[in-house]
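Just so you know, the protein sequences line up as chains A and B, in that order.
Each position in the first sequence, counted from 1, maps to that position plus 87 in our numbering.
Each position in the second sequence, counted from 1, maps to that position plus 5 in our numbering.
Simulated from the structure, these hints should not be mistaken for laboratory data.
Keep in mind the model is a prediction, meaning the values are calculated, not measured.
Errors might be hidden in some of the hints.
Subject to a maximum C-alpha distance of 20 Å in a straight line, what follows is the list of computed SDA-like cross-link-like pairs (lysine to any residue) [stated by the list, open to error]:
| hint | chain 1 | residue 1 | chain 2 | residue 2 |
| --- | --- | --- | --- | --- |
| 1 | B | LYS121 | A | ALA191 |
| 2 | B | LYS121 | A | LEU186 |
| 3 | B | LYS121 | A | GLY224 |
| 4 | B | LYS66 | A | GLY224 |
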Amino acid sequence: MSYDLVLRVGTKLILPFILLFALYVQFHGDYGPGGGFQAGVIAASMVILLAITCGLDLAHRIAPQAMVQRMVPLGVLIYAGTGVAGILMGKNYLDYSVLAQNSASGHELGIFLVEAGVLITVAGTMTSLFYAFVERGR
Amino acid sequence: MTIAIVRQRSLFGVVILASIYSFLMASVLIVLDAVDVAMTEASVGAGVSTVLLLATLHLVKTTEMNQVRPHLLPLFVSLGTGAVLVWGTLVLPPFGTPDAAIHKHVAPRYLADSIKETNVPNVVTSVLADYRGYDTLGETTVIFTAGIGVMLLLRKARRRNRRDDAETSQ
């Protein structure tokens with residue numbers, strides 16, 4: 088199966104910018120619209136676009152299936168683990184104020200960690216769902 | 006557009022129409038100043054779910070089977086549900102009322118104290134990830150569970166096929 092040259096080159100040109108936009112949405116979520124969920128979907132769409140235009144093998148090379156599948160529980164663990172940190176420090180579950188010196192920056196760090204967990208789970212889930220469908224269709 | 010989706014026999018057309026619908030909904034949400042939700046709708050509704058539906062069409066046939074007889078019960082159920090929902094909105098305060106009950110409960114405190122308490126200027130993010138952290142943990146777990154479920158479903162069938170192949174070849 089051969090792929091269209093224009094599509095392939097065009098896709099490769101915009102791929103880094105899609106990933107950059109995903110990271111922007113992730114890390115700028117504190118200041119503007121966006122957050123872990125949206126960023127995860129955008130990052131997953133980059134892998135899906137690559138798989139559609141350049142073939143599944145290339146997509147597997149930049150996002151190996153084993154890694155993507157491990158990302159699914161890893162994100163939930165990061166989120167839940169951030170909550171457990173609150174318990175270990177003698178506060179309530181998901182109380183972020185213990186994570187740093189003062190309460191506000193603790194909350195900031197907690198939101199960052201939690202959003203990172205959401206990003207990892209969503210990106211992993213979307214990508215591995217796409218992989219699962221495509222593998223089934225082979 | 007809904008009628009077009011219902012009347013359409015080609016599932017490919019249905020998927021594309023649903024994707025366009027999602028994109029229009031995202032535009033509506035931007036007009037309503039719900040940029041976070043609009044972004045989610047555009048990326049998930051118009052983007053990834055379209056790709057996943059197209060991938061499903063890759064597995065099944067792309068034309069809908071002819072209906073044996075028209076099903077009236079689902080039509081009545083959906084019309085009834087819609088009527089109940091519209092009836093429920095009749096007692097809600099008008100759209101944009103500043104003194105509605107929902108704007109007086111915890112929202113003023115979030116808006117006033119969010120930056121002081123969390124250093125995060127985007128209140129949507131601080132409410133989602135901090136004040137409503139349990140909800141978002143639940144949502145993440147839902148995504149995790151749904152993803153694992155679909156993956157197991159698709160993979161199990163594949164293994165069984167392979168075993169069948171092995172048995173037939175022996």
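Now the hints, each set against the structure:
no.	hint	result
1	B:LYS121 - A:ALA191	holds, 7 Å
2	B:LYS121 - A:LEU186	holds, 16 Å
3	B:LYS121 - A:GLY224	violated, 52 Å
4	B:LYS66 - A:GLY224	holds, 12 Å
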